[in-house]
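Q: These are the residues of each chain, in order.
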Amino acid sequence: MLFINRFLLFLFFFGSISIATANKVTQNLFINRGVFTTVKSTTFPYFAFNSTTTFAPLNTVISILKTDTLIINVTNNDTIKHGFNVKNYAGTSFTINPAASISTTIIPTQRSVFIYYDHLNYPKNTYMGLAGMISVKDKATDIVYYWNLKDHLTSYNQQLAITNATVNWSNYYPDYFTINGKSFPDVQLDPTVKINNNVNDTIYIYVTNTGQSMHSLHFHGFHPKAAYVDCQKIKANWVKDTWGLFSMDAIILKMVPDKKGKYSVHDHNLVAVTGGNTHPNGMFTIMQIN
Amino acid sequence: MPVFGITNSLGAAAKIPAKILYCNEGDSLVLNAKSISQKDHHTIHLHGTDADTRNDGDPATSFWLIHQQDTTYSFRAKYAGTYIYHCHVDDVVHVQMGMYGLIVVRAAGAVKTAWTGGPAYDKDYKWLMSEVDSVWHYHIPPHDTIADTTHIPKYIPNYFLINGECGAEITNDDSIKIKGAQGEKILMRLANIGFLTNRVIFPSWLNAQIIDSDGRPLPNAIINDTCYILPGERYSIMLLSNTQATANVTVDYIDMNTGNTTFSNLVPVNINGMIGIKELGKKSNRLSVFPNPASQSLNVVITGNMKPDYIEVYDYIGKKVLSTPYSNEIDITKLTEGLYILNVISEKEIMHCKFIKQN
Ligand SMILES: [Cu+2]
Ligand SMILES: [Cu+2]
Numbered sequence: 000m001l002f003i004n005r006f007l008l009f010l011f012f013f014g015s016i017s018i019a020t021a022n023k024v025t026q027n028l029f030i031n032r033g034v035f036t037t038v039k040s041t042t043f044p045y046f047a048f049n050s051t052t053t054f055a056p057l058n059t060v061i062s063i064l065k066t067d068t069l070i071i072n073v074t075n076n077d078t079i080k081h082g083f084n085v086k087n088y089a090g091t092s093f094t095i096n097p098a099a100s101i102s103t104t105i106i107p108t109q110r111s112v113f114i115y116y117d118h119l120n121y122p123k124n125t126y127m128g129l130a131g132m133i134s135v136k137d138k139a140t141d142i143v144y145y146w147n148l149k150d151h152l153t154s155y156n157q158q159l160a161i162t163n164a165t166v167n168w169s170n171y172y173p174d175y176f177t178i179n180g181k182s183f184p185d186v187q188l189d190p191t192v193k194i195n196n197n198v199n200d201t202i203y204i205y206v207t208n209t210g211q212s213m214h215s216l217h218f219h220g221f222h223p224k225a226a227y228v229d230c231q232k233i234k235a236n237w238v239k240d241t242w243g244l245f246s247m248d249a250i251i252l253k254m255v256p257d258k259k260g261k262y263s264v265h266d267h268n269l270v271a272v273t274g275g276n277t278h279p280n281g282m283f284t285i286m287q288i289n
Numbered sequence: 000m001p002v003f004g005i006t007n008s009l010g011a012a013a014k015i016p017a018k019i020l021y022c023n024e025g026d027s028l029v030l031n032a033k034s035i036s037q038k039d040h041h042t043i044h045l046h047g048t049d050a051d052t053r054n055d056g057d058p059a060t061s062f063w064l065i066h067q068q069d070t071t072y073s074f075r076a077k078y079a080g081t082y083i084y085h086c087h088v089d090d091v092v093h094v095q096m097g098m099y100g101l102i103v104v105r106a107a108g109a110v111k112t113a114w115t116g117g118p119a120y121d122k123d124y125k126w127l128m129s130e131v132d133s134v135w136h137y138h139i140p141p142h143d144t145i146a147d148t149t150h151i152p153k154y155i156p157n158y159f160l161i162n163g164e165c166g167a168e169i170t171n172d173d174s175i176k177i178k179g180a181q182g183e184k185i186l187m188r189l190a191n192i193g194f195l196t197n198r199v200i201f202p203s204w205l206n207a208q209i210i211d212s213d214g215r216p217l218p219n220a221i222i223n224d225t226c227y228i229l230p231g232e233r234y235s236i237m238l239l240s241n242t243q244a245t246a247n248v249t250v251d252y253i254d255m256n257t258g259n260t261t262f263s264n265l266v267p268v269n270i271n272g273m274i275g276i277k278e279l280g281k282k283s284n285r286l287s288v289f290p291n292p293a294s295q296s297l298n299v300v301i302t303g304n305m306k307p308d309y310i311e312v313y314d315y316i317g318k319k320v321l322s323t324p325y326s327n328e329i330d331i332t333k334l335t336e337g338l339y340i341l342n343v344i345s346e347k348e349i350m351h352c353k354f355i356k357q358n
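So the protein lines, in turn, are chains Z and V. Counting from 0, one number per residue, gives the positions in the first sequence under numbering that gives the first Met the number 0. Counting from 0, one number per residue, gives the positions in the second sequence under numbering that gives the first Met the number 0.
Rather than coming from a laboratory, the hints here were simulated on the basis of the structure. Treat the hints with caution; some may be incorrect.
[What the hints assert, rightly or not] One side only, chain V facing chain Z, incomplete, derived with CB under 10 Å:
| id | residue |
| --- | --- |
| 1 | I151 |
| 2 | D251 |
| 3 | T332 |
[As the list claims (entries may be wrong)] Pairs of lysine-lysine residues, derived as DSSO-like cross-links and limited to a Cα-Cα distance of at most 27 Å, are as follows:
| id | chain 1 | residue 1 | chain 2 | residue 2 |
| --- | --- | --- | --- | --- |
| 4 | V | K77 | Z | K234 |
| 5 | Z | K39 | V | K153 |
| 6 | V | K184 | V | K77 |
| 7 | V | K318 | Z | K234 |
| 8 | Z | K253 | V | K184 |
| 9 | Z | K224 | V | K319 |
| 10 | V | K18 | V | K33 |
| 11 | Z | K23 | Z | K123 |
| 12 | Z | K261 | V | K77 |
| 13 | V | K353 | Z | K261 |
| 14 | V | K153 | Z | K224 |
| 15 | Z | K232 | V | K319 |
| 16 | Z | K258 | V | K318 |
| 17 | Z | K232 | V | K318 |
| 18 | V | K318 | Z | K224 |
| 19 | V | K33 | V | K77 |
| 20 | V | K77 | Z | K253 |
[What the hints assert, rightly or not] Quick list of the computed label-pair ranges, beta carbon to beta carbon:
| id | chain 1 | residue 1 | chain 2 | residue 2 | range |
| --- | --- | --- | --- | --- | --- |
| 21 | V | T225 | Z | Q157 | 32 to 40 Å |
| 22 | Z | K258 | V | G303 | 50 to 58 Å |
| 23 | V | S8 | Z | K39 | 15 to 23 Å |
| 24 | V | A32 | Z | G275 | 28 to 36 Å |
| 25 | Z | K258 | V | I355 | 56 to 64 Å |
| 26 | V | S8 | Z | I233 | 37 to 45 Å |
| 27 | Z | I79 | V | E168 | 50 to 58 Å |
| 28 | V | T257 | Z | S92 | 38 to 46 Å |
| 29 | V | S27 | Z | T165 | 54 to 62 Å |
| 30 | Z | K39 | V | G10 | 39 to 47 Å |
| 31 | V | K111 | Z | T165 | 52 to 60 Å |
| 32 | Z | N163 | V | S174 | 51 to 59 Å |
| 33 | V | T332 | Z | D137 | 49 to 57 Å |
Values in this document were obtained by computation on a predicted structure and should not be read as measured data. In this text, a Cβ means the ideal position worked out from N, Cα and C, and glycines have one as well.
Generate coordinates for the entire structure from the input sequences, incorporating the hints supplied.
A: Laid out in structure tokens, this is it:
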């Protein structure tokens, strides 16, 4: 009996030590100003958090393990003041002057998903593109996809690129809908969006809605389960084929396909399955289950 | 105004929405579909049924029907609940034109429970919400067959519908307005196939409980008078009035881009009288249990000529916790405290009653 107790004590300390060796992960982000090119090759002004000083129209997806400690360094590479905040994570709110930098630390406890964003002049800076995803995985071998949903209205981007300009949000009618900055069919070329897996694989889809609109993601073929919810807590462990996401919602959906085939996932506000008012573009991807 | 539709017979007038399709949990539903469109291609998508690619009616992954072509679509109804069928070709246009309807999967044996072993109800209402932008109907957005795309106009709906009706049509429709008695359990099957978000608000004295969504029981029933239903979502809500009163249920139609409420339908509710004793005498077979509450064993009493095969016990959210060959006394020591539903199952019939387990 004594021996067993000592053995358990040993296991306990051994477990503690492995947690203490948690990895430190450093992620540099730069606030860049640039131009977004739509699926129809039209362009509009855009901002993004990128990992270098070169603008890309997609915010860096920060991916860590639940045992990691994340240090985010943010540098304002723009000519106006910006902000940084991790939604629903206390003590991460900063204002950053042009050319200045800040640093903040995130210590996750579980598989989870967060939105990081520029909260200044909300929703203006977020709308202009400054909102990305922090994904916290359980294991390095997890099968994970990242879907950042976003809506855009060309004329609002043109207007809001001007410092101190405002728009009337009660007239907002977006004409471009994207997943990770891409519309269908371009989105099919993004391996972090297009699901390509086997029957019985456990697939985690990290979804954020950093747009202004509500989006209603409908899955053909399967009913994913909410493995983690950042905002609509009441929906934990719900099993649904259609997931209603409000602006700035974040959720992890877990799916274990039971059959092979091709299955669409799309916004069931079918007007959002468009780009530049052309259907089908926009928020639409096709999963391949082998 | 011009519409596209799905009808049950050749030559029948297209209506919005199409007829409700019913089946029971465990059934296979087979639809014989034929396109007589003259021009556009069509499919029938079985929204939420998890049909395989062949039966999914999605032209992006499967086939469509050209004029005069026919096929069958089928799926196995594994889960009771509320589903939608709709055309998926040029879906933004064909759905707007009216090619949609509800599928209701009842509990096994058409028992009046939300799902097999789930909460019982006395009557149910089916509300399918949508909108119409009449400009789209009079100037149908044309399909570019070379690019395989459609240029769609701005969506500015001017009719806000429940089961294809609006205004006085709703307040005069006995299949929409809620009529019941105190103590009667009323199941509301709500679905949204429009392009706006619905917010349905029940008077608080109806004690609304959200119990399932998209054909799956919720892990815990949610006590909430307000339910948001985004496009494509379905919810089941159990109403149980402890008073006699009249009021309205508010059905809002919310712009998904601005969050502004574009329109509200008011649906009358009239709870009058108390649920009668006559309900109990309807069946020739009757099931009762004692003691209730019970802690160790439960005695099962059946009057009538039922030949019971086995007993199943479900917890209140519909999880099966016990399954045993029929016996007139069952051991419930392993159940945790709470409300349970006991089903006695024979070849011909399922009877159910509630009991409370106490330690
Ligand atoms: Cu059609
Ligand atoms: Cu659908």
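Q: Work down the list of hints and note, for each, if the structure agrees.
A: Here's how the hints hold up against the structure:
Hint status for I151(V): holds, given a least beta-carbon distance of 5 Å to chain Z, under 10 Å. Here the hint on D251(V) is broken, as its CB sits about 13 Å from the closest CB of chain Z, past 10 Å. The criterion of a C-beta within 10 Å of any C-beta in chain Z is not met by T332(V), whose closest approach is roughly 28 Å, and the hint is violated. For the hint linking K77(V) to K234(Z), the alpha-carbon distance of about 22 Å falls within 27 Å, and the restraint holds.
Under the criterion of a C-alpha separation no larger than 27 Å, the hint pairing K39(Z) with K153(V) is consistent with the structure, at around 18 Å. This hinted pair checks out: K184(V) and K77(V) have alpha carbons roughly 24 Å apart, not beyond 27 Å. Annotation: proposed proximity of K318(V) to K234(Z) holds, straight-line Cα distance about 18 Å (limit 27 Å). At most 27 Å may separate the alpha-carbon atoms for a hinted pair to count; K253(Z) and K184(V) exceed this at roughly 34 Å.
For the hint linking K224(Z) to K319(V), the alpha-carbon distance of about 20 Å falls within 27 Å, and the restraint holds. Between K18(V) and K33(V) the alpha-carbon distance is near 16 Å, which keeps this suggested pair within the 27 Å criterion. Note on K23(Z) and K123(Z): the hinted pairing is violated, with a Cα-Cα distance of about 33 Å set against a maximum of 27 Å. Of the pairs offered as hints, the one joining K261(Z) and K77(V) holds, with about 21 Å between alpha carbons and a cut-off of 27 Å not exceeded.
With a CA separation close to 43 Å, the supplied pair K353(V) and K261(Z) exceeds the 27 Å bound. Pair hint K153(V) plus K224(Z) does not hold up; C-alpha atoms about 34 Å apart against a cutoff of 27 Å. Restraint check for K232(Z) and K319(V): the C-alpha separation of about 26 Å stays at or below 27 Å, so the hint holds. Proposed proximity of K258(Z) and K318(V) is supported: the alpha carbons are some 24 Å apart, at most 27 Å.
For the hint linking K232(Z) to K318(V), the alpha-carbon distance of about 22 Å falls within 27 Å, and the restraint holds. Among the hinted pairs, K318(V) with K224(Z) is consistent with the structure: their alpha-carbon atoms are about 17 Å apart, no more than 27 Å. Straight-line distance between C-alpha atoms of K33(V) and K77(V) comes to about 26 Å, which keeps the hinted pair within the 27 Å bound. For a cut-off of 27 Å, the pair hint linking K77(V) to K253(Z) stands: about 20 Å separates their Cα positions.
With their beta carbons about 38 Å apart, T225(V) and Q157(Z) fall inside the hinted range of 32 to 40 Å. A hinted range of 50 to 58 Å is violated for the C-beta pair K258(Z) and G303(V), which are about 43 Å apart. Our hint of 15 to 23 Å for S8(V) and K39(Z) is violated, since their Cβ atoms are close to 43 Å apart. Restraint check, A32(V) to G275(Z): a C-beta distance of roughly 33 Å satisfies the suggested window 28 to 36 Å.
Look at K258(Z) against I355(V): about 40 Å separates their beta carbons, and that is not inside 56 to 64 Å. For the pair S8(V) and I233(Z), the beta carbons lie near 44 Å from each other, so the given range of 37 to 45 Å is met. For I79(Z) paired with E168(V), a C-beta distance near 54 Å keeps the hint of 50 to 58 Å intact. At roughly 27 Å, the beta carbons of T257(V) and S92(Z) sit outside the given window of 38 to 46 Å.
At about 57 Å, the beta-carbon gap between S27(V) and T165(Z) stays in the expected band of 54 to 62 Å. At roughly 42 Å, the beta carbons of K39(Z) and G10(V) sit within the given window of 39 to 47 Å. Between K111(V) and T165(Z) the Cβ separation comes to about 55 Å, which falls inside the hinted range of 52 to 60 Å. Under the hint 51 to 59 Å, the C-beta atoms of N163(Z) and S174(V), about 55 Å apart, fit the expected range.
A beta carbon spacing of about 37 Å between T332(V) and D137(Z) contradicts the range 49 to 57 Å that was offered as a hint.
Checked against the numbered hints above, the structure violates hints 2, 3, 8, 11, 13, 14, 22, 23, 25, 28, 33; every other hint is satisfied.
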